[in-house]
Every structure is written in C-alpha cells, then in structure tokens.
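S.K.: Sequences listed follow chains A and B, in order. For the first sequence, position 290 matches number 290 in full-length UniProt numbering, and the numbering has no gaps at all. For the second sequence, position 179 matches number 179 in full-length UniProt numbering, and the numbering has no gaps at all.
Think of the hints as simulated: they come from the structure by calculation, not from any bench. Ideal Cβ placement from N, Cα and C applies to all residues, glycine included. Incorrect hints may have been included.
Quick list of the computed label-pair ranges, beta carbon to beta carbon [said to hold, decoys possible]:
hint	chain 1	residue 1	chain 2	residue 2	range
1	B	D35	A	A181	21 to 31 Å
2	A	P384	B	K143	40 to 50 Å
3	A	W84	B	K143	50 to 60 Å
To give an idea of the chain A side of the interface with chain B (calculated C-beta under 8 Å), a few residues [unchecked claim]:
hint	residue
4	I166
5	Y389
6	H392
7	S393
8	R396
Every beta carbon over 12 Å from chain A, so not counted as near; a handful from chain B, in silico [said to hold, decoys possible]:
hint	residue
9	N23
10	T29
11	A37
12	G41
13	M89
14	N114
15	P125
16	Q137
17	G173
18	S213
19	G241
20	F257
21	K319
22	L334
23	A374
24	H392
2 protein chains.
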Amino acid sequence: MKKQITFLLLVLFIGHSYAQKVNTEDSLTIRNLYDMALLNGKSYDWLDHLSNEIGGRLSGSLEAQQAVEYTEAELKQLGLDKVWLQPVMVPKWTRGTKEYAYIETAPGVSTTTNICALGGSVATPALGLKAEVIEVQGLDDLKNYGREQIEGKIVFYNRPMQANLINTFEAYGGCVDQRYAGAAEAAKYGAVGVIVRSMNLRQDDLPHAGSMSYGDIPADQRIPACAISTNGANYLSSALGIKPDLKFYFKQNCKTFDDVKSYNVIGEITGSEHPDKYIVVGGHLDSWDLGDGSHDDGAGCVQSMEVLRLFKKINYKPKHSIRVVLFMNEENGLRGGRKYAEQAKLKNEQHIFALESDAGGFTPRGFSFDTDEANFAQIESWKPLFEPYLIHSFTRGGSGADIGPLKDENIVLAGLRPDSQRYFVHHHAANDTFDAINKRELELGGATMASLVYLIDKYGTKTATSDVKN
Amino acid sequence: MKKQITFLLLVLFIGHSYAQKVNTEDSLTIRNLYDMALLNGKSYDWLDHLSNEIGGRLSGSLEAQQAVEYTEAELKQLGLDKVWLQPVMVPKWTRGTKEYAYIETAPGVSTTTNICALGGSVATPALGLKAEVIEVQGLDDLKNYGREQIEGKIVFYNRPMQANLINTFEAYGGCVDQRYAGAAEAAKYGAVGVIVRSMNLRQDDLPHAGSMSYGDIPADQRIPACAISTNGANYLSSALGIKPDLKFYFKQNCKTFDDVKSYNVIGEITGSEHPDKYIVVGGHLDSWDLGDGSHDDGAGCVQSMEVLRLFKKINYKPKHSIRVVLFMNEENGLRGGRKYAEQAKLKNEQHIFALESDAGGFTPRGFSFDTDEANFAQIESWKPLFEPYLIHSFTRGGSGADIGPLKDENIVLAGLRPDSQRYFVHHHAANDTFDAINKRELELGGATMASLVYLIDKYGTKTATSDVKN
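Same shape as in the complex, but just chain A:
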C-alpha cells in the first residue's frame, strides 16, 4: 500500500512537472509560430527565387554571388538589428563542359552512360581517358587486388547504399568514403581513374556529384574521378561480368582555380538581456551545380531566415542575440563554417546554441543534439510541446557541418532531422530542384526550428553562464 502511495505521488509529481513544462505561454507561442509559418510563410517564396531565378550555387560561381546579394537584401527587409556580409576566401572548382562517357565492350561497340565529375577532381586528358575497369566493393578491397591487378586500370567503386537502414544518412555514411577518398587510395595502386557509384538509394539515370579529396597525393599523381548513375553502375557491373576486359572511356575538363572571395551572409536580432550571448540558426548557401540546390541546402537557408522573420512577426524579443548565418562553401571546403567560428573566437563572442538545417526540406521529424546529458535532459523535457506538431525524435548525435567548428564546452549544437527517405534521391543531383519541395513540409521545418530556438532563448542552456540569470 505504501508502495502504491509512493508510486501515486511519483506519478503526480511527474504529472505536475509535465504540466509545468507544457506551460501555456510556451504552447501558445509555439502555436503562433506554426500558424504564422503555415498561413503566412515566406520561406517557399525565398526558395523559389534562390532555385529558379538563381539556380545551382557552387562556391566561387556567379550564382553563389547572386545568392549572397539576394539573401542579404531580403534579410535587410526583415527589420533585423544588423545584417552584414562576412568575407571568406573559398575554393573555385568548375565542372567545365558536360562530361561524356561510354562503355566499350568491343572495338566500335559502345554504350554511353551518365557520369559527372566529382567536385575537386582533376580533368582527364583533353581527348579523354580509356582503360580497362576493375570493380571493387570499397577502399579495403584495393589491397585484395593489389597493384598488379589495379595498375593502369580505372577503379570502379560499386558498394551500394544499404537499403535496409531506416535512416538514409547512415546508409550514406557507410558508402561515402568511396567517393571522398576513392581516387586518393586508388592512385596509390597505380590506377589511372576512378568511377564511383552514385550515393543514391533509387535506381535511376542521374549521376550524383559531391566532394572528393586527393589527400596528400602530389599534383602530378592525381587521377580523375567521376560518379556514375545507379543504373549505369548496375549496367557496368553486369557488362563486366560478361566481358571483364571491356574498356571505359570518360572525358571531363573540370578545373580548380585560385581561391576567390565570397561571403557568409549574417543577420541578427540583438538580445534584450544577453546581447553578448549568441544563438545561431543556419544552413549553407552554396550548393552543387547539377540541380538548383533546393533541398541541399536552399531549404536550410530559407528556413533559417524564416526563424528570424517569425520572431519579428509574432513580436518576440529574444533575450539572447539570435543570428541567422548562411554559410558559404559547405560542399567543397567548409570555409564559411570555419571562418565564422574563427571570427567568433577572435571577437570572444560566446555562442550558447547553434542549429543547422542541412538534411533537406522534408517533413521535420525531430532534432539531433551534440551536447551533454544535462542539456539533453532539459531539451527532452520540452518534447510534449512538440507533440502536437508530430515532432517526436530527439536524439543525441551529430548536428551540422557548418556549425561544427563552433564546438566547445559552452555550446549546444543541434541539427534539424527531417524525414530522410527521399533525400538521397535528390542529393547533389540534377533533380535537386524546386519542384521536389513541398511547401508545407518546408514551412513545418522552419516553424519547428523557431520553436526550439524560442525555448532555448527563453530557458537558456545548462552549460552557458546565461542560464544562471534565467
């Protein structure tokens, strides 16, 4: 009986603190944020412009500069306290003319296939490159074949993304080493080129771009690397089964130029109580060039802009200074993220929280937090506030590439986690376009981010000094 009473008291206590957490003011503010986003949102129009009027925004490109100017101008119309550009030198790599490739099973018998140069790759010789192909299932496979079987050939990395992983980012994480390090590793065995199966869970004809690195391979030993579509990869693999000595031809004239000047775009609402303590919400303004970068990461940019717009619209005056940061050069350098963190450190700006949206403009499912137990426990106590919006997933893990360099013991890092099923259908490919964006899904993401930022601003974090005052 006593046990039952203690249990009852405990239930009441839990019930009470639950009721405390779901306080009316918070509920109403969050409802207000969602209503504003869904009934009078601006993110979809912004993204329409970024995607359809500007297009793919590769670092160092004219489009990237246009995106800087456009978003700066739009932020200036929001009535923020400050809007500015933060200069940053970025790599400039250009794809050049459209790549061309074919599979030659006998002299004069060939089938064209869709490829694209990987970002950062060197060009092939001007007349292209033709060689035999050796198919491998990953980097580790190279040593199984050894230099004698690899030298003079094109290495074809064909390990597919694992379809039975529910979170598609895990499947990506399990394969992307082939793209990133495949050329550097294959070069060590004397390979003359690299073909990488596109990081795509769907079978289709689109090659998916993405960055690669030669690591410490000297310039004169670098070999060209391209991505092949999933259908193309399956075809090539089948053809190799029938005709192991077939040849693969590809031509690409991509090029790396000297670094050029670009910018992070920053807007700020200055905090009413802790103006010297910062909350960052952001995405990256650059994108790959094959599509228009709607999901990666136009969506994250306009959602981040929307967070500050929503605060102005509902007349919320944050305690902390809230910044939207549109980072430049996430895709092939992370220079913007590094520059922002470097400047923050130089100016001794204390950042208590940073949230990035860089996983597509799909229905938001929750957040991932890079933080300690105390902060995570506080954030988890807010879950009931998110229930009405079907935001269920609060996990500990990574956050976002651009905000990573801000990491220290005083900051909570977070990443928006939208539904991931369709992301890699579009990621870095020609179909990452505005028509693949659903307006409501995009808007729900912005409202979800705004709600979390509101709670963090109001209640502070457990690590930052500011929460003592709250």
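Dock chain B against chain A, hints included.
M.R.: Same frame as chain A, but now just chain B:
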C-alpha cells in the same frame, strides 16, 4: 534517501518491463520483416503494374475488373492457403467526355477554367449550363443568403482547407461537407448547379474529384456538381469581387448506370492455432479515374498484399487466420466493405483485428486505433519495438472506411498513419500517379503493417476470446 531508493526501484521496474516488451524474438522478427521489405520488397512492382499497366480503377470500370484479375493472380502466386473473389454489386458512374467550363465576365469575354464532375453528379443539360454565381463559405452560409439570392444561380463553395492544421486529414474533414452535401443543400434553395473548391492544400490547376450525394432529393430536382482547381477557385473569387454578376458556364455528361457485379479480392493464410479467428489487413482496389490511384489506394492494396507475402517469406506461421482483403468501391459506395462485413457475420467469422492502409504510400508515422483502453494499452506497450523504425505515433481515433462495417465489441480496428503533408496534393486528382510514389516510403509502410499484425497475432487482443489461450 528512501524516496530515492523507491524511485530507483521504480526506474528499475520500468526498465525491466520495457526490456520484457522488447523481447529478442519480437525485435528480430520485426527487423526481419523490415529487411525483407526494403531489400526484396514486391509492393513497388505490384503498384507499378496497377498504376501504369491498368490505371484509374473506378468501380464498375474495365480497369477495376482488370485490377481484380491481376491482384487475384498475384495473390495466387504467393502460396497462400486460399485466394478467392467475393462478389459484390457496385454502382457504376462514368465521367463521360472531359468537362468544360469558363468564366464569362462580359458577353464574349471568357476565361476557361479546370473543373471535373463530382462522383455521382448528374450531367448538365447537353449544351451546358450558364448562370450567375453566388460564392459561399460553406453549407451554413446558404441560409444567410436565402432562396431569393440563391435561386437560379450556381452556388460556389469556396471554404479552403485550413493550412495551419498539422494533420491534413483534419483540414479535409473540415471542408469535405461542401463537396459531399453541397449540391443537395443548394438544391433546396433553388440553385441550378454547384462548384466546389478542390480539397487541396496546394495552389495549382488540378481539379480534385470525390464523391457527393443528393441525399433524399428527388431525381428531377438534382443539380450538377463539379470541383474547380484551387487556382481556378481563387480566380473565380477574385473575378466575382470585380464583377459580381459574371456568369459561369459548365458542361459535363457524367452518368449513373445500373449497378454492376464486381469483387472483393481476398487471400488467406489459415491460422495454426485459431483458424476460426480472423485478422484482416486491407486497402481498396477501386480509385478515382483522373489519375491512376497510386496513393489512393493502390498503395494500401500492395502494402496489404506485402504483409502476407512477408509472412510467407520469413516463414512465419500465424496463429490466427490472416486475410488480405482488397475492397471494391470504397470511393463511391463502400459496397465492398459492407459486403465483407455482412458475409463475415453470416458465416459467424470472429474478426479480432482489422488494419487498413488508405492514407497514401508516404513514410509511415504510426497508427490510429479504434479500440478500448485495455487494447490500446497493450499496443502502446509495443512502442519500443517500433522506435528503431521511426514509428512514433500511436493514437486512438478512426481506422479505415472499408473495415468500419466490421466494428463490434470484439474487434480492434486500426489505420496506418503515414505522413499526411503531401496527401491532398494528389488525392482524387490527375497527379495521383506512380511517379509520386517513393519506393522506400511505400515499403516502410508495408513492413510497419506487417510488424503490427505479427504482434497482434502473437499476443492476441484483450477483447477476443483467443487471447485467453495465448
């Protein structure tokens, strides 16, 4: 201190029962079901055939008959214990030639607009119908205007779906009375026709079909009803603001014929312990005719077929008899659902559980259960088993239209609840097509359904006699 110990014990106790619930066999079986669905699923191929080889499957149409034959043949290949067709008489309504409509702001000055006849509507006169328009915000609005302002006019129902509702089915529920009962109500005030704003949260040019009813209005007083696209509705409303006496012209020659014979398609794995107790999993095989019915409800059909296929593939031998039922005529009559329930009652078949998928082939988020607290509590205790698959939402509420007639005190009814954000972009419109289906999202739905059916089969329900034996 004592309190802390009690608390600790409680935590341990909860932890223990949690661990019990997530028993290894269940975890592994569910993992197995998801793996099979994602790595070797069949639902996407089935849907490809239903959508692209057959197409829209309006009750009584040739396509509906083809779908019956195709799915029966496919079920017969699965090695089920029984596959059969259950005859049912269904309404036969045909759209006839493509509808035509324009808005005439002055004699000879007109703009065409996209409409479609609502299912069950009568035709306009052969040369069409032209009349002034009165815009209303819903059925209640009619009495505000009264017969004198409505008589001889076309009533234009223009209350939009509410964009700030997170669950789009709620927004649909708040508007669909205009479509279903709009003509019957307007006829009582002497209206000559009805235009209904499409049930679509997106602004586009597609009219959305759907059923309507004349209730007890005599045949000679029935007035034609059509849906207008959301863009068309906005245009018409604006034009009415400028020119209140504009005229609307529309022509449609849809027609209702005598009922025709059709079928529910049923397959069964007979139960090993309780062969006379039934679990049903299903969707509806008929669809509207403008698209190919991929989301509504080809998806639900192939997911339901997949549940039984998965059980065979993982060699799971259910205790209860498990039936897949592909119901005919959900859209404009519910005859299939009623027939199935009627026959079940006649044969004294005890149904303990029925699950319907009829909310699109999008990423599954959870289930809604029409059941009592005891059953819901048991099902909620399984939530941890679904966590790895990001299935979070277990609510009490509705289930599915086709399984509704089975309701009695012994059955638990459930509906799969996928993400709802994109559903009404496609619902009953020309863009409910196979290209709007994501393979993974579809497959996740089937695996999620199979997992729940497995648990229900294994543990029984709290209402059914069978659970006593478990």
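S.K.: Decide, hint by hint, whether the structure agrees.
M.R.: Consistency of the hints with the structure:
no.	hint	in the structure
1	D35(B) x A181(A): 21 to 31 Å	holds, 29 Å
2	P384(A) x K143(B): 40 to 50 Å	holds, 42 Å
3	W84(A) x K143(B): 50 to 60 Å	holds, 58 Å
4	I166	holds, 5 Å
5	Y389	holds, 5 Å
6	H392	holds, 4 Å
7	S393	holds, 7 Å
8	R396	violated, 14 Å
9	N23	holds, 20 Å
10	T29	holds, 15 Å
11	A37	violated, 9 Å
12	G41	violated, 9 Å
13	M89	holds, 40 Å
14	N114	holds, 19 Å
15	P125	holds, 39 Å
16	Q137	holds, 17 Å
17	G173	holds, 17 Å
18	S213	holds, 30 Å
19	G241	holds, 21 Å
20	F257	holds, 38 Å
21	K319	holds, 27 Å
22	L334	holds, 29 Å
23	A374	holds, 19 Å
24	H392	violated, 4 Å
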